[in-house]
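S.K.: This is what each chain is made of:
Number of protein chains: 2
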Amino acid sequence: MERVYFDHCRSTFVDTEVIKEMNIWMTEKYWAPAPFTSTGTEAQEAIDESQAVWASFFGGKPEEVQFGASEVVLANVAIRGIVEAYYKKHDTKPHIITTEIEAGSTVLSILRKLEKSGRAEVTYLKVSKDGLVSPDDVKAAIKDNTAMVVMADVNFMVGTVQDVPVIGKAIKEKKDDVRFVIDATRSLGRTPLWKYADFADVVFTDAHRIHGPKNSSVLWVKSGVSIVPIVWGTVKHFDITQDKPDIPTIRGGMKALQILLDGYEEKYNKMKRLQRMLFDGILERIPEVQINGPWPEHRSPSNVCVTFKYIEGEAVQMYFDMNGIVVDTGSACANPFLQANHVILALYNDYARAHGSIRLILSWHNTEEEVHRFLDVAPEVVATLRRISPVAPEVYKK
Amino acid sequence: MERVYFDHCRSTFVDTEVIKEMNIWMTEKYWAPAPFTSTGTEAQEAIDESQAVWASFFGGKPEEVQFGASEVVLANVAIRGIVEAYYKKHDTKPHIITTEIEAGSTVLSILRKLEKSGRAEVTYLKVSKDGLVSPDDVKAAIKDNTAMVVMADVNFMVGTVQDVPVIGKAIKEKKDDVRFVIDATRSLGRTPLWKYADFADVVFTDAHRIHGPKNSSVLWVKSGVSIVPIVWGTVKHFDITQDKPDIPTIRGGMKALQILLDGYEEKYNKMKRLQRMLFDGILERIPEVQINGPWPEHRSPSNVCVTFKYIEGEAVQMYFDMNGIVVDTGSACANPFLQANHVILALYNDYARAHGSIRLILSWHNTEEEVHRFLDVAPEVVATLRRISPVAPEVYKK
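Those protein sequence lines, which keep their order, are chains B and W.
One rule links them: number in this note's numbering = place in the first sequence (from 1) + 1437.
One rule links them: number in this note's numbering = place in the second sequence (from 1) + 1437.
Just chain B, with the same shape it has in the complex (with noise of 0.2 Å):
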């Protein structure tokens, strides 16, 4: 039985064609950029090309476009990077703007240990029940000494789509010196990143979530925005990652952003297709299910979440894992703290909608079949736990 994977936010497989680049890079042409020798300028100018790649994709300038170490890293490189040119310029702490559903392992544990060690004072500005940041809100928010407005465009859990440029006008309106900084690590394939070069001053990627390798990082950065390097290394090649270029993995990101855009219409109405087939199936043959975020308007195409009622998310992770298929839960235990979904408590205030969610996240890859078998094996994996749940009602326990 093949595996069906509806897992894309946490890790993709690798495109053959861009293992076929990487290997290019990795057993032919493994040299280091340098000049004067042939070797040295052929590397050189595969990053260059790279670059240029993405700036085109991002609507900007080859030179706005450096390649870092991880997605991690890059979430540091830009949120703490502001902060620091922030103080060479200004006696005041900086503020910063942010949402409350913010990616947990990025942008919201740099932005508790910049209050913390009371570096920055940070505003967690509420969303609506579809997880939508509010550009007046937003407005409102900024003060003398904000320095940076920053937040995802693709909520990781329930795939809200912010709207970018709007949020963005609000802001330089308001105040035009405060970044805007987007974390698109989960958005590539899913938004129109081009469309943010006039409203935002830094976006931060990977195309490990199109099929890229893993920490296929790219950071843009517009030009005249400083950000002061928080990684310490050479500015050969980055000034502001300072960090070594990895030749195989930025071709690799590269190839697989290439491949993204050949068809992108088609890939971005495909995932659209199959999501719906999902929510459709889900709320017609599973009874008391709760859609967890926007639906169907301001959705990313790759996100499906939901909360089946009165069982553990983990359950069911574990049991559609035992039928071959691979979904993530919001769930509590399934969380490395105990910690029921931070995204779903914001948007619901409800512990056991957390805990009783899962999530897909599609790739163009995904297929009708896939779906189909998820959707045969969900309502039976549902009424299995139900039937043991002892918060269910009584119809279910027969």
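Hint data in this document are derived by calculation from the structure and do not stem from the laboratory.
Heads up, some of the hints might be wrong.
Since the list gives no way to pick out one identical chain from another, each pair is judged satisfied if it fits inside one copy or across any two copies.
What the hints assert, rightly or not - Taking lysine-lysine and the PhoX-like style, the derived pairs with C-alpha atoms no more than 20 Å apart in a straight line are:
no.	residue 1	residue 2
1	1673	1550
2	1553	1526
3	1576	1550
Please build the complex by placing chain W on the supplied structure of chain B, with the hints as guidance.
M.R.: Just chain W now, with coordinates in the frame of chain B:
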């Protein structure tokens, strides 16, 4: 004509077996680690096994091994993390001891920034003409506020191998809470790192110089040594590096280590033999050559660094390149900052010697035929350049 590659410090080709291992985790088992599911458990076990393999190599425990995003990041994590840990326990500014011949792109960059920012004071020890650090000098430099001694066990430019056990013992005798941090990024496969566990507190290295993937970076931290995380993320997998695991790269690095250890002595002795052929052949065929660094004792088996008097290293490098042979140089023009190599300057205080230097870094994959190719080409390259050199004596002009 097959290219001859002697630049295994800056980059290496990735071993076919390593690529096979990576491909398993990129295309078949591309799961993220997680509890409760078969896929998540398989991914977690893949990380666990890699930690165990490295721990056994270092002579430590699996939980003492963490993986990082890059060697630049790990150098930051180790050095700055110990500085911050020092501040948690002391009111004084920490003092760091290092040498003037450390790597400019990592250790020296970091230490200079720590000094400049006022976060630490640094003593840069002088080294002998062979690049050796005196254990007595280290001992004498230790003060009440000394937090760490950091140095490479193999110098990147001239291949000097430091006596880590003796230096480590000297440090601990004088003040046993001084952390001894080894930059082993250039020494993997060239020195017995497994002998350091009793004498060092922290070792960081990277399998990309033993034909593993780029950024297969590994940090060993002895139990009980405090390092405050410098990159902020989650502590889910690695509490010090706080990055997400890049399993294909971690597995590739593990595989590269296993391949290294399978017939380690043979590989070591082969490099030693090729190194001797190169030094002997160069001295025999070319007049007025200076060997940079120690020889034949205290030298990494990989390293060949010489200066051909009266000519410029980057010109030598270019001529070799035209003959399909890749070497590196310590000449200023090849340096992004147009500075002559600081190691050769530190050893000999002689700019011409630095400008005229070339460096070969061998792998056990190099062959005797490749060495012969180099030795056949070298006399003509040097003679040609000396003929046109404005500073060469008349005898070289015909």
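S.K.: Work down the list of hints and note, for each, if the structure agrees.
M.R.: Hints versus structure:
1. 1673 / 1550: between (30 Å within a copy, 16 Å between copies)
2. 1553 / 1526: between (22 Å within a copy, 18 Å between copies)
3. 1576 / 1550: Answer is neither; intra-copy 24 Å and inter-copy 37 Å both fail.
Checked against the numbered hints above, the structure breaks only hint 3 and satisfies the rest.
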